[in-house]
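Trainee: Using mature numbering (1 follows the signal peptide of the UniProt record, and there is no 0), the letters of the sequence shown map in sequence onto residues -19 to -1, 1 to 1112.
Some hints could be false.
Unchecked claim - Quick list of simulated restraints, FRET-style, between CB atoms: (1) S525 to N131: 54 to 60 Å; (2) D662 to T1009: 33 to 39 Å; (3) S402 to D662: 38 to 44 Å; (4) N131 to K781: 57 to 63 Å.
Unchecked claim - Straight-line C-alpha distance at most 30 Å; calculated DSBU-like pairs for lysine-lysine: (5) K506 to K437; (6) K96 to K134; (7) K943 to K1022; (8) K796 to K781; (9) K781 to K720; (10) K437 to K359; (11) K109 to K96; (12) K412 to K359; (13) K943 to K997; (14) K945 to K1022; (15) K433 to K1022; (16) K399 to K412; (17) K943 to K134; (18) K718 to K433; (19) K945 to K134; (20) K718 to K437; (21) K412 to K506; (22) K433 to K359; (23) K433 to K506; (24) K359 to K399; (25) K437 to K1022; (26) K796 to K134; (27) K694 to K720; (28) K720 to K437; (29) K694 to K781; (30) K713 to K433.
For the record, the hints were derived by calculation from the structure and aren't laboratory data. Every value quoted in this text rests on a predicted model; they were computed, and no experiment measured them. All C-beta atoms in this analysis are idealised placements derived from N, C-alpha and C, irrespective of residue type, glycine included.
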Amino acid sequence: MKFSLGLVSLAVALNGASAHTIFQELLVNGVSQGRFNGIRYPNYNGPITDVTSNDIICNGGINPYKEPLSTTVIPVPAGAQVTAQWHYTLTSNSGDHSDPIDPSHNGPILAYLAKVPSATQRDVTGLKWFKIYHDGLDSNGWAVERLIRNQGKVSFTIPQCLAPGDYLLRVELIALHGAQSYPGAQFYMECAQIRISGNGNTSPANTVSFPGAYKGSDPGVAYNLYNGQRSYTIPGPSVFTCGGGSNPQPTTTVNNPPPTTTTVNYPPPSTTTPPVSGTVPQWGQCGGIGYNGPTVCVSPYKCTKSNDYLVSLALAVSAVSAHTIFQELLVNGVSQGRTVGIRVPEYDGPITDVTSNDIICNGGINPYRQPVSTTVIKVPAGAQVTAQWHHTLTSNSGDNSDPIDPSHNGPILAYLAKVPSATQSSVTGLKWFKIYHDGLDSSGWAVQRLIKNQGKVSFTIPNCLPAGQYLLRVELIALHAAGSYPGAQFYMECAQIEITGGGSTSPANTVSFPGAYSGSDPGVKYNLYSGSTSYTIPGPSVFSCSGNNNPGTTTQPQTTTRTTTNSQPTTTAPSGGTVPQWGQCGGIGYTGPTTCVSPYTCVKSNDYELYVNGVSQGHLTGIRVPDYDGPIMDVTSNDVICNGGINPYHQPVSTSVISVPAGAQVTAEFHHTLTSAGTNDASDPIDASHKGPVLAYLAQVPSATQSSVTGLKWFKIYHDGLDSSGTWAVDKLIANKGKVSFTIPSCIPAGQYLLRVELIALHAAGSYPGAQLYMECAQLQITGGGSTSPATVSFPGAYKGSDPGITVNIYSGLKSYTIPGPSVFSCSGQQPSNPTTTSRPASSSTAAPPTTTSPASGGGGGSVSQYGQCGGIGYTGPTACVSPYTCVKSNDYTAALLSTAVLAGSAAAKTVFTQFAVNGVDQGYTVGLRVPSSNAPITDITSPNIICNTGYIQPVSQTVVKVKAGDQFTAMFHRTSAGAVGADAFEPLDPTNKGPVIAYMAAVPSATQTTVTGLKWFKVWQDGYDTTTHQWGSDKLFVNKGNATFNIPTCIASGQYLLRMESIGLQQATSYPGAQFYMGCAQLDVAGSSSPLVPNTVSFPGAYRSNDPGIVTSIFGVTSYTPPGPAVFQC
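Put together the whole structure using the sequences plus the hints.
Mentor: In structure tokens form, the structure reads like this:
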């Protein structure tokens, strides 16, 4: 369950692209120390934007570190050259278009050192940092441009004179594409753990602290990348040098000499400075006043003017990577297959030049995916066709930018051109006519409708067209950066269709591409943020068989007027009318309406302009939401506060704080998953069987964005349980489409608060643990208010497992229900109208005489849905359960489908080791691996099946993968043996089936030998239960998308080995057999040590016993855990 708050916030800014980066490998004098080795790196590549946060030190806060942290300390001689290797994500390589970082993210790169007692110490606060390197803007461009040209590598020297010892090396990249105001600059940094050797004795005196070294007002932090500035001041101190002389890399660097000549076109005219030999890489400078470098661009790029001083292959602010591709066609509702019959590019980037041939069907600067489809889709004249858009070729609904980032508002259009053959390669010179367009109307933009419709847009093929082959060109124009030309982003693909039936009308009003649009068209050059209430769709009118063409201008009702005035600053009074979403609603000299359409409120942007709050679903804004919708069942866990532990927060956690007046009504909106809103999800907002109360608490905090939530003082402001009609709060929530409303008390002090909204599902609460608690916390700034400080409770502590509101049987004719926790706080001091204990009429509690019904198939007719009652004393309803569930007795009065987690044959809580990577290189699905065809667990530890599983996919791979001792090995688990199969809530495993992840190796004569009995196994890695983070190995496996990474021991002998990967699910492990073992074996040929060590070994079966505390245990209320089997072998 997830909830979003009814008070929503501003739209994602242009700098919200997910084109981030991570420093993840160190080279010393050109020798790699191994990817991730000795570096504290996060799971997520998101930026830090708050220079006052501790996260600015080494990351790892809002972007938590990948655990366990590396214990490697990298030896580095003083005077050595070190190279930091950056990549877009932890799995990216050079084939990723945004690797190492999106080219729009220009800015400086810096490196700092801090001497520490131990390079592996966890605490990084209070250190003294000195800068050893920085690179900003020079005549050749930005440091980031050089990083991209050098494939993510940046090199610098460790000062020769430094005293030996342990240091942290902090390497940082600052992206300035959104840095016009603070916070806006994006800081990416990680820390490497190094040990400097040598004979130096210098300890630099000029040190700084993080946070503290940077301010939001620094000219290197608040900087406009797009205003033609020719200089940049790198933030932080000067670079330390052993000689104590001047900074070898000046803090302020100058881009261009005084104006002499300008190069603005491609190819350059003969009157400009002759091009220097060579070519300009993508995003490089290729012209401008005083520029005398090369102006010939690498194919397929063109030279584009940015300003008089800079001409480059840059997309500037429009280069956010939240793009889109039209990639599937449905005919009368029937899908023709993803990418079938459509010329799709590999990359989702836009076209911005309306004079380019790329504007026709794409495929130039974004080359087509090969081979291009040769399918021609048959479409009857008059049929409805639906174009399906997705963010990338691999995106599905789990992608937050799918089908496109919501900031990319604009129109959608469709054209047809008759062709001799729909598969012909040439698309120039065609005659196109428009058959559909949708722009701006009273409900918003076409793109907003596309997003609400999950990427689908439908229109009709005119029924009067002649039969024949056509190209169908579907286009989306994103206007978020269209204030000047080039700026609008054009996304288009062409489908290959054959129209059947039809008539004889050949449209006369055709246009050519390029030619149909010009850069000065009001639909191409358009300010999305000006409060304009009309928009003219570019291109011709829409063709109609009746001859009545649809005009190209769509107008939104004039509910607002955006005015330009030079009047003195005054406070404007409300005028008549209401302001639509995104409209101007205030500001100096503004005289228009200030009342916003429901449910929006007016928020100040600056003294001259205010904008209505943003997108209404707002799932991630100002709320700490987890990626997974699983419950908390342990009321003694810190996870019961704001979630985020066993269900880690979606990253980056929102830094928005939502302003709420005291006395305001707020509405929490729950959804089944992060992507359920607006879909046909039958369980949205929650499955109807999950009956129970809904509650809301507040806690005042110093900062609503603080990471720590322990020790807070909470008071309840709302609850609703079971009413006299027998209706639960959850029933009302479902009837109200996931919304629950309540009032912020008017008498509480102003300040920052966390709002904790909670739903407790009682369908399996007959014993503890059984109740399922779903909660998230919103970050509020309460304004106005009074001075009353309510009585408070703590979480954990407010609930006990024995509370009658936590352990309760809702199937036993319940007469009343006591909502857990304290009473609801009231400013008047009186109990509110919704009491803690609620009752229903006694007549409803005894429905039938006490006779026992057996859960026999078909009893009562029909079938029972998941969690429904299917038996018990006096029960007369159906007893046959929907597949794959079975009827389980809860007590004498109830037999119910209590939980998929405890049912025989449960499909969810399973996983399979399907493939692996070596040093980040994926070896391929089932390659070098014995993969079982079923994802069913092994539960008998005395069975030979516990060794490498059984029932392998045939034929078993005969590949033996060569590795070196010390190589990084990444095991990849998926929910099924088919590998990654798209969106699946239980991919790679059910996160509620917690337990350890373990790896063993055994030397074998041949890694492909059939027999696996009698081998001698030694444990090389394990990840059990972390008492600090309260995460299990399976939690980390889930967060890391099924990947478990460790190193092959450096001291083992050369030879062939089987590597046995195992995940143990402990959800049902309170007795034996109960633990679930999932394992598979990889086939390796190891180039080992010349002086190997001999490990202690164990046998399978035999390594585990049925009474091992790592096999018979409870995952609820756990304080410590020891994985089964021997100790991990150490070199």
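Trainee: Compare the structure with each hint and give your call.
Mentor: Hint check:
{"no.": "1", "hint": "S525 to N131: 54 to 60 Å", "in the structure": "56 Å, holds"}
{"no.": "2", "hint": "D662 to T1009: 33 to 39 Å", "in the structure": "36 Å, holds"}
{"no.": "3", "hint": "S402 to D662: 38 to 44 Å", "in the structure": "42 Å, holds"}
{"no.": "4", "hint": "N131 to K781: 57 to 63 Å", "in the structure": "59 Å, holds"}
{"no.": "5", "hint": "K506 to K437", "in the structure": "26 Å, holds"}
{"no.": "6", "hint": "K96 to K134", "in the structure": "24 Å, holds"}
{"no.": "7", "hint": "K943 to K1022", "in the structure": "25 Å, holds"}
{"no.": "8", "hint": "K796 to K781", "in the structure": "22 Å, holds"}
{"no.": "9", "hint": "K781 to K720", "in the structure": "28 Å, holds"}
{"no.": "10", "hint": "K437 to K359", "in the structure": "19 Å, holds"}
{"no.": "11", "hint": "K109 to K96", "in the structure": "7 Å, holds"}
{"no.": "12", "hint": "K412 to K359", "in the structure": "21 Å, holds"}
{"no.": "13", "hint": "K943 to K997", "in the structure": "21 Å, holds"}
{"no.": "14", "hint": "K945 to K1022", "in the structure": "25 Å, holds"}
{"no.": "15", "hint": "K433 to K1022", "in the structure": "27 Å, holds"}
{"no.": "16", "hint": "K399 to K412", "in the structure": "7 Å, holds"}
{"no.": "17", "hint": "K943 to K134", "in the structure": "27 Å, holds"}
{"no.": "18", "hint": "K718 to K433", "in the structure": "16 Å, holds"}
{"no.": "19", "hint": "K945 to K134", "in the structure": "24 Å, holds"}
{"no.": "20", "hint": "K718 to K437", "in the structure": "23 Å, holds"}
{"no.": "21", "hint": "K412 to K506", "in the structure": "24 Å, holds"}
{"no.": "22", "hint": "K433 to K359", "in the structure": "28 Å, holds"}
{"no.": "23", "hint": "K433 to K506", "in the structure": "26 Å, holds"}
{"no.": "24", "hint": "K359 to K399", "in the structure": "14 Å, holds"}
{"no.": "25", "hint": "K437 to K1022", "in the structure": "28 Å, holds"}
{"no.": "26", "hint": "K796 to K134", "in the structure": "69 Å, violated"}
{"no.": "27", "hint": "K694 to K720", "in the structure": "26 Å, holds"}
{"no.": "28", "hint": "K720 to K437", "in the structure": "26 Å, holds"}
{"no.": "29", "hint": "K694 to K781", "in the structure": "17 Å, holds"}
{"no.": "30", "hint": "K713 to K433", "in the structure": "24 Å, holds"}
Hint compliance for this structure: hint 26 is the single one not met.
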